[in-house]
Structure formats: C-alpha cells, structure tokens
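Novice: 83 is the number that the numbering used here gives to position 83 of the sequence shown; each next residue is one higher, with no gaps.
Hints should not be assumed to be uniformly reliable.
Once the Cα atoms are required to be at most 30 angstroms apart in a straight line, the calculated DSBU-like pairs of lysine-lysine come out as [claimed, not checked]:
no., residue 1, residue 2
1, Lys325, Lys228
2, Lys45, Lys227
3, Lys227, Lys329
4, Lys45, Lys325
5, Lys45, Lys91
6, Lys329, Lys228
Derived DEER-like restraints, expressed as beta-carbon distance ranges [what the hints assert, rightly or not]:
no., residue 1, residue 2, range
7, Lys45, Arg285, 19 to 29 angstroms
8, Arg214, Glu85, 22 to 32 angstroms
9, Ser309, Glu81, 46 to 56 angstroms
10, Ala13, Lys210, 38 to 48 angstroms
11, Ala237, Lys45, 37 to 47 angstroms
12, Gly88, Arg211, 44 to 54 angstroms
In case anyone wonders, no lab produced these hints; they're calculated from the structure.
Quick reminder that beta carbons are idealized off the backbone N, C-alpha and C, glycines included.
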Amino acid sequence: MNTPQPGITQLNADLAESLREGRFESLVLFDIDHFHQINADLGAKTGDSILTLVEEVIADLTPVSYRIGGDSYAALGINAEGADEVRGAVKLAAQRRLQAHVALSGGGVTIQPDLLVVSEEAVRLLYAAASQMLALAKQGGRDEIVWLADDGSFEGETGTAALQLFRDLARVNASRARQMEVESKVDPLTGLFNRRGFEDIFARMVESSKRTERPLGLLYMDSDSLKKINDRDGHEAGDRFIVDLASILRNVARRSDFNFRWGADEFAVVLESGNAARAATLAERLKEAVAERTEGTVSIGIYCGVPESAEDAVRIADAAMYDAKRRGKDRVVVSLQD
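Using the sequences and the hints, build the whole thing.
Specialist: Right, here's the structure in full:
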C-alpha cells in the first residue's frame, strides 16, 4: 500500500458526510491486542511490519479505512461478518509473513442514520459508542468484536456509565425538538467522557463519598509533550498521540474506574476507592505505559480522600500535577492534603 491511511480528522469528516447523505451503515474501531508486548518481544522492526500489515489488510477488506492511533484503526461500512473476516485475515497474514501471532479486538456500531440528527453530536455519539464497545472487547478477554446493534441491544457484557450515556443521548438526539437542549458529554476524538461528563459524574460521586464517608481517588494527568509533537510532526500526529493516551487509559485502568478527557492534553481518572497506595500504583503504571508506548511523557497529580466539594478535589489534584511538572515532569505526585 503506497498511500498511508487517513486519520481521525478525516474519519470524523467522513462520518458527518455519511450521516448527511443518509448512507451511514457502520463504524468499527480495531486495536491490536497486546501490541506493546509484541513490540517488546519481537523488536521494533517486526512491530513496524505488523502495523503495516494490519493497515494493509484492513484497507484491502473494507470500503474505507483509517489509522487513528499508534496501533488503532477504523473502518466504515462493514458488517459483523466483514469485521470478523478482517480479524481472521490479520491472524493468517501475520503468521504466514512474519511468523507472529497477532490478534485484533474491535468495537462496532450500526444504527439507522435517520435515528440521529446530522450534527457534531451525532458523530460524537457514534465514535463514543464504538469506542466503548472496543473497551468491552478488551475487558472480555480480547480477540473479539463487540457490537452495539441498532435495536439498542448489546453483544457482550454491558452496564458501564458510558454506554448508558450513549443510550440517553441517542434517545434525545432522535427528537429534533430537544436536540439543541443537550450538550454532548463525550469527546469526539477519544470517545472518553469530556469535561462536562466529568463534572456530572464526579459531582455525584463526591456526594456519595461524603454521604458514606468512603474516600475516592482522582488522578489528574497532563501531557508533557503534545506541543512539541504538534510543532514537530503536525496536528494529525498530535491527535494520534491523544488517541494513544486514551487507549492506554482504557487498557491500564480498571473497569470500575472512570476515564475522562478533561482538556486538550489533560485527562482524569476517578477511582471509586480512595486508597492512596493503589492510586499511586495505577498512576505509575500509566506514566510508564505512556513513556513506553508513545513518544511523549505525562505528569500526574493525585488526590485521595473525602472531598468537601468536587472543586476542592480537582484543585488539589491539579496542584499536585503542577508540582510534578516543577519537579522535572514525567513523574507522579500524591497530594498530602486532606
């Protein structure tokens, strides 16, 4: 394949166009399982060959495809059978050409386009739903495709707050009269909850923490590297870096944790259990995974306790994050404040 696949920006544009023209059929997100381990075991050269192989297979077997992250891909217009064909073809090609075992997980969504208002919110909903299905595939053992069907039913385990949010917004989006009353709570680039989603969920979790006197944890993570990547390689590369950070959050954090994209290069993780040692361990794992799997680093500040308010917890975690920046970046700081 001579021409590289387009990225996340083009995917969002094509999704919007397919909705506008009434021809949207499906969106599938693919992610290579355990790619960082494959890269470590077989070497970077083989890892690069695997990335190219997967890109070629997806491009050959799908109507239109995209490279949206380091080891993440997307395709439009394929059904469940087609997605499984891609998964099988990748396994076979990797074994034959590279003598490597390569598996894909995927998340797919298919929905009648007339059920969604043609808007940026509709694009966000579709991407967020596919992203959450991919997360379920990863949590369920990987090497599978999990679909959100257009009748509202799900294959695989469900029940996360993100999926409930998708259903709620989809119902609202079906009514044009109410659509303008709702602001999206999902980040279109990563599929994570955005800042508004954070404020909604975290406020309820803080009230629960105060009522039960059970501490919660907040990790506030800021990239040390996005500006440098944007300046050096362009904003498409910066977008891929952000997508990679979101993928790392999904893979490293536990199912019970909530992941958010707070700002341009800021992320938050909320832990229902406010155990400081566990929060610090998770933060170190996130920091190390970012340094290992991307070209950048992150600084992380941690708050653990029963907060007086959501704003206090954010302020304390944010101050700890800036302390990590002052100490040289690429590190974790746990706040000692109550």
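Novice: State for each hint whether it applies.
Specialist: Results of checking the hints against the structure:
As the CA atoms of Lys325 and Lys228 are separated by approximately 16 angstroms, the hinted pair is consistent with the 30 angstroms bound. Restraint check: the Cα-Cα separation between Lys45 and Lys227 comes to about 27 angstroms, which is no more than 30 angstroms; the hinted pair holds. Between Lys227 and Lys329 the alpha-carbon distance is near 14 angstroms, which keeps this suggested pair within the 30 angstroms criterion. A threshold of 30 angstroms between alpha carbons decides the hint, and for Lys45 with Lys325 the separation of about 33 angstroms lies outside it, so the pair is violated.
For the hint pairing Lys45 with Lys91, the CA-to-CA distance comes to about 18 angstroms; that is within 30 angstroms, so the pair holds. Restraint check for Lys329 and Lys228: satisfied, since their Cα atoms lie roughly 14 angstroms apart, inside the 30 angstroms limit. Roughly 27 angstroms separates the CB atoms of Lys45 and Arg285, a value that falls within the hinted 19 to 29 angstroms. The given range of 22 to 32 angstroms is broken by Arg214 and Glu85, whose C-beta atoms sit roughly 47 angstroms from each other.
Evaluation of the 46 to 56 angstroms hint for Ser309 and Glu81 yields a pass: the beta carbon distance comes to about 51 angstroms. Evaluation of the 38 to 48 angstroms hint for Ala13 and Lys210 yields a pass: the beta carbon distance comes to about 44 angstroms. Range check, Ala237 to Lys45: about 21 angstroms between beta-carbon atoms, so the 37 to 47 angstroms window is missed. For Gly88 and Arg211, the hinted distance range of 44 to 54 angstroms is satisfied, since their beta carbons lie about 50 angstroms from each other.
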